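Work the whole structure out from these sequences, hints included.
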Amino acid sequence: MILELEGLAAGYGAKTVISDLSFAVAEGEILALLGHNGAGKTTTLKTAMGLIAPRAGLVRFAGVPLARVPVAERVARGLRLLPEGRGIFPDLTVAENIDVVAARLAAGGAMFTPEALYRLLPVLAERRTTRAGSMSGGQQQMLAFALAILGTPRCLLLDEPSIGLAPNLVERLFAQVRDVCRAHGVAVVLVEQNVAAALALADRVAIMNSGKLVFDGTPEAARASNLWEHF
Amino acid sequence: MLALQLLVNGIVTGSALGVVAVSFALIYATTRVFHVAHAGVYTLGGYLAWSLMRHGVPAIAALLVAMAGCVVLGSLIQILLYARLERRGAAQLVVLIASLGALAVIQNLIAAIYSPDILNFSAAWAGQVVALPGGLRLTGAQIATVVLDFAAFGATLVFAHRTLLGKRIRAVASNPFLAEITRLEPRRVHVYVMAIASALVCLPGVLGPLDYGLQPYGGVTPLLTATIAMIAGGIGSLAGAFGLAVAIVVLQNLALLVMPGEWSIGVTFAIFVVFMLFRPRGLFAGK
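Chains A and B are the protein sequences, given in the same order.
Read in order, the letters of the first sequence are residues -10 to 220 in my numbering.
Read in order, the letters of the second sequence are residues 178 to 464 in my numbering.
Simulated from the structure, these hints should not be mistaken for lab results.
Quantities reported herein were computed from a predicted structural model and do not represent experimental measurements.
Every residue, glycine too, gets a C-beta built ideally from N, C-alpha and C.
Don't take each hint at face value.
Unchecked claim - If you only want the chain B side, here are some residues facing chain A, beta carbon under 7 Å, derived:
1) Arg265
2) Lys344
3) Glu357
To be verified - Derived SDA-like pairs: lysine to any residue, alpha-carbon spacing no greater than 20 Å straight-line:
4) Lys35/A x Phe354/B
5) Lys4/A x Gly266/B
6) Lys35/A x Glu149/A
7) Lys4/A x Arg360/B
8) Lys35/A x Arg360/B
9) Lys35/A x Gly266/B
Now the structure itself:
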């Protein structure tokens, strides 16, 4: 398992958002993490990333506990987050976005160099000199995905990547996610409101309700159960 | 003739305040700290250069050492004060009050070590008057001010847009959260920004007093004009901050043709009010 969460509890101020949460994701596996608004999905990703200190439990990455590992070091080890709605530097051009992150994450021998990304996502090559904030929502999300995979990612935490995108763009983005995951063995934890699209993409499904895990199984099992009861 | 001289004087002083505005804008856009203590760093630069030149150190060397001193002071303020407050989740108002406190400490230490009165800061080359075509007259200090401050502004723009560190600073300013999760290390970048801005502000901090003397509390008025220029120019736009600072000071100077000098600060605030009414996000605000 590349990422393991064991008995995790976290929250903000006096409020506990997630409690006793445990799940794991293996190399090359796509795990869809579903749940109602406020179920604690984003808090889970932020806690795994080290942006929120856990109140209890443990996050392990590639078998190593991350309790004392700062965010920058987690990123360097290959744990990446694509945050909801703010995954680009809007005031920089596309090339500047990629260059500035590549300088910190894509040293020699990286899985995804800037050149590899421009080949993978040609729309970014065409828009190199465009101010990122002035691009369409779909193009911005492609750039956000590119920044998340720059270098050598081992586990991608994707927080609602399809939000605000037209269905054909969601399909295209998820096809890229699948390709990256399958071809390079990158694990993915996908938080998504678009349940149908997430089930179609995922190898496994975990459903959260009020901060706890209430379902962990295959997409087929999720479909066979009364899915909405879990929400 | 008088109008032309006032215009040129305005451009000279405006270029100095433009560098103060650019340095302040760089800090605010990146750290979101309203770094009032920057006025203290500005003031310290002049006093350090004065001390060195009084002991025979050449002007260029004195300027460079003063810059190094300002870099140390600015970095220490960031590391020991702002970063600690940020880690404790302090509100912006708390950070502003802490900055005001730091300014008071710097100003009072300078007054205690040197003098609370105005000190004459002069150098032979700085006082020499050069006659230019059109009957214009500029001192050596004024020529050095306009040349070096415009050069510093140009160099800052090139740095921000052409170098990797400059792009990294702009990235942190553009999206601090993403900067955190893409290993751009915003907290370290904040220290770099404070160091660079402190070196920058030292330039007008040394050259300005060559014209009108040193005073421990003299940094506040330039910072006030610089702040207005930053807001009117559009927060985040270095060119806007510099351009508006030059424009404000030119207008202040030209206003002398029609009103007494004590009204010049009124001109500054009139410009500010006009911008707040008609273009509150500033002239060159990002879209």
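Outcome of the hint check:
A hinted interface residue such as Arg265/B counts as satisfied when its beta carbon comes closer than 7 Å to some beta carbon of chain A; here the least separation is about 14 Å, so the hint is violated. Satisfaction of the interface hint for Lys344/B is found here, the shortest Cβ-Cβ separation to chain A being roughly 5 Å, below the 7 Å cut-off. Because the smallest distance between the Cβ of Glu357/B and any Cβ of chain A comes to about 6 Å, under 7 Å, the interface hint for this residue holds. Between Lys35/A and Phe354/B, the direct Cα distance comes to roughly 11 Å. Compliance with the 20 Å bound is thereby established for this hinted pair.
Taking the CA atoms of Lys4/A and Gly266/B, the gap is about 17 Å. The hint holds against a cut of 20 Å. Between Lys35/A and Glu149/A the CA atoms are separated by roughly 13 Å; this keeps the pair inside 20 Å, and the hint holds. Distance hint between Lys4/A and Arg360/B is unfulfilled; the C-alpha atoms sit about 29 Å from each other, more than 20 Å. Restraint check for Lys35/A and Arg360/B: the C-alpha separation of about 15 Å stays at or below 20 Å, so the hint holds.
Simply put, Lys35/A and Gly266/B have alpha-carbon atoms about 18 Å apart, close enough for the 20 Å limit, and the pair holds.
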